[in-house]
Amino acid sequence: MSAAAVEVIDVARRFGAVQALDGVSLRVAPGEFFGLLGPNGAGKTTLISILAGLTRADRGSASILGHDVVRDFRAARRNLGVVPQELVFDPFFTVRETLVFQAGYFGLRKQGAWIDEILHHLDLTSKANANMRSLSGGMKRRVLVGQALVHKPPVIVLDEPTAGVDVELRQNLWAFIRKLNTDGHTIILTTHYLEEAEALCNRIAMLKAGRVVALDTTANLLSRFAGLTCRLVVPALPAAWQSRVVRREGRNLHVGLDNPAQLETLLAALREDGIAIEEMALAETDLEQVFLRIMKQPDAVAGGAARSAVRGEP
Amino acid sequence: MIAAGPPQGDRPLGGAARSAVRGEQFSYGWVTLFYKEILRFWKVSFQTIAAPVLSALLYLLIFSHVLEGRLTMYDGRVNYTSFLVPGLVMMATLQNSFANSSSSLIQSKMSGNLIFVLLPPLSALDLFAAYVLGAMVRGLVVGAGVFVVTVAFNPGLLSMPHPLWAVGFALLGSAILSILGLLAGLMAEKFDQVSAFQNFVIMPLTFLSGVFYSIHSLPPFWQALSHFNPFFYMIDGFRFGFFGISDVAPAWSFAVVAAAAATLSALTLKLLANGWKLRP
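Quick mapping for you: the protein sequence lines, in order, are chains H and D.
Be aware that the first sequence starts at 1, since it is given in this note's numbering, and climbs by one per residue.
Be aware that the second sequence starts at 1001, since it is given in this note's numbering, and climbs by one per residue.
You may find that some hints are simply not true.
To be verified - Below, computed lysine-lysine pairings styled on DSS-like, alpha-carbon distance capped at 30 Å: (1) H:140 with D:1277; (2) H:127 with H:110; (3) D:1109 with H:127; (4) D:1190 with D:1270; (5) H:110 with H:140; (6) D:1270 with H:140; (7) D:1043 with H:127; (8) H:110 with D:1043; (9) H:110 with D:1190; (10) H:140 with H:127; (11) H:179 with H:140; (12) H:140 with D:1190; (13) D:1109 with H:140.
FYI, nobody ran anything at the bench for these hints, they're computed from the structure.
Let's have the full structure, built from the sequences with the hints guiding it.
Structure below.
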């Protein structure tokens, strides 16, 4: 049996009064491009910290390629590369020194050729001997990516790697990460850019208040909420339809529809109440709408895929 | 375990899907951190080495100018300037050992780059060895610098009767302060907590340990109290190496200092293994 790239079983973690994680279970197969989504404070970074051994779970277990992150931490950490969310660096050293040291911490020496290659792929060759302090934010971010790759980990976790990164760099970074995935690395990604998760990830877990509220392939998530969204500008909306509003932008109301036939019902309801439509447009469901709908559900359980989600409130 | 093979740096990206890397050597992780710790202070050596040597030299010039001729130590067997030199050497060694591990750790904590050593497979012992040895190197380099400069004023000091005792006490004293620095760095959440530890614990203990005086010149109460200060044994034992005279038998001092080093090591290793303040 081949070990899961990442396996998390019933992990819980409390910080003071905050239950950051409340019984999270998930399994990521080798080679997957896995998305971890959720609003701020949902527990994404705590979960990643537990995988990386930066913090410990109150209960449950986590393993990387079958190596428990606490008992077998050396093997677990050798198999894991983490790009942290914060833009951290050591101001004493150059880009190359940073990478050489990081390789050394993993017990690797004489990695010059590999480091050259990382620098090349991340477009940092010309900055190899520049002090970390002198780099722009985007460059520092790329050095962090390089540091996560320097020991060639089979599993790579990226915690919001594109936050605050300009569009062009973001595109390059995605192309690079996608290449890593095609080369066989398992990728776990947290991001706020839902359209990117939609484009990149083949499976997605959504976290809310420390629980997995959805866990499925991207395609299934999209089709579960399939259908359409109808953007309306209307003076009022019949009461029965209020709960269908997935998003409000100024006067625009985005109303979720299960199928095209429902459009008829919506229009009939508007006509019945004598409401005049000022503007209307139809769009396919995207991940953002799925996300918003799942997050709106009171104690959201989107299907049975998420083991931890079916336990209900205590 | 994974065999140490040639590095595979020329490989194309990836292909790493299954197993971790070859070419890794287990003992090399902490050696890298140790080396990084040395390079960190070496890159700012004007501040970390030259400055403390200069201040020790100023102490020597001022105190010997004021007190030489008025004061002799050990019943007139040692002149004051000679007496002062080993105290200053030891003080510089101790303070700089403490400064190195504490400031390295708190800086890494505050800037967040401590994550770089927390993500790799470094054990509690790896972290301990690297930070403590790195800090000892700084302390001992500064101590040696102070020794070289001050000996220029007192060439007679080179004829040490018991140099091995001096070396032993320098090593142990520097180890203890490096460990204390590590503890302070672990404990602190802000820079001012480290400097409070330095100013309210380390400085008084050093100054009241007999750097500038023999405790025999103190009133009985303070003399007795000095025996509870572990720093006193470090400096007294160190001085024995220079003059063959001390306030306390050197073997007893050595036992106290070694016990302190062992206790602090055990405590710190335990805290590191528990992830105390590092892996909350």
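Against the structure, the hints:
1. H:140 with D:1277: Holds: residue 140 of chain H and residue 1277 of chain D sit about 26 Å apart, inside 30 Å.
2. H:127 with H:110: Holds. Residue 127 of chain H to residue 110 of chain H sits at ~20 Å (cutoff 30 Å).
3. D:1109 with H:127: Holds. Residue 1109 of chain D to residue 127 of chain H sits at ~26 Å (cutoff 30 Å).
4. D:1190 with D:1270: 23 Å, holds
5. H:110 with H:140: It holds: about 23 Å lies between the C-alpha atoms, which stays within 30 Å.
6. D:1270 with H:140: 35 Å, violated
7. D:1043 with H:127: 19 Å, holds
8. H:110 with D:1043: With a Cα-Cα distance of about 22 Å, the restraint between residue 110 of chain H and residue 1043 of chain D holds, given a limit of 30 Å.
9. H:110 with D:1190: Violated, at roughly 36 Å.
10. H:140 with H:127: Holds - the C-alpha atoms of residue 127 of chain H and residue 140 of chain H are around 11 Å apart, at most 30 Å.
11. H:179 with H:140: 21 Å, holds
12. H:140 with D:1190: 24 Å, holds
13. D:1109 with H:140: Holds, because 18 Å separates the two Cα atoms, which is no more than 30 Å.
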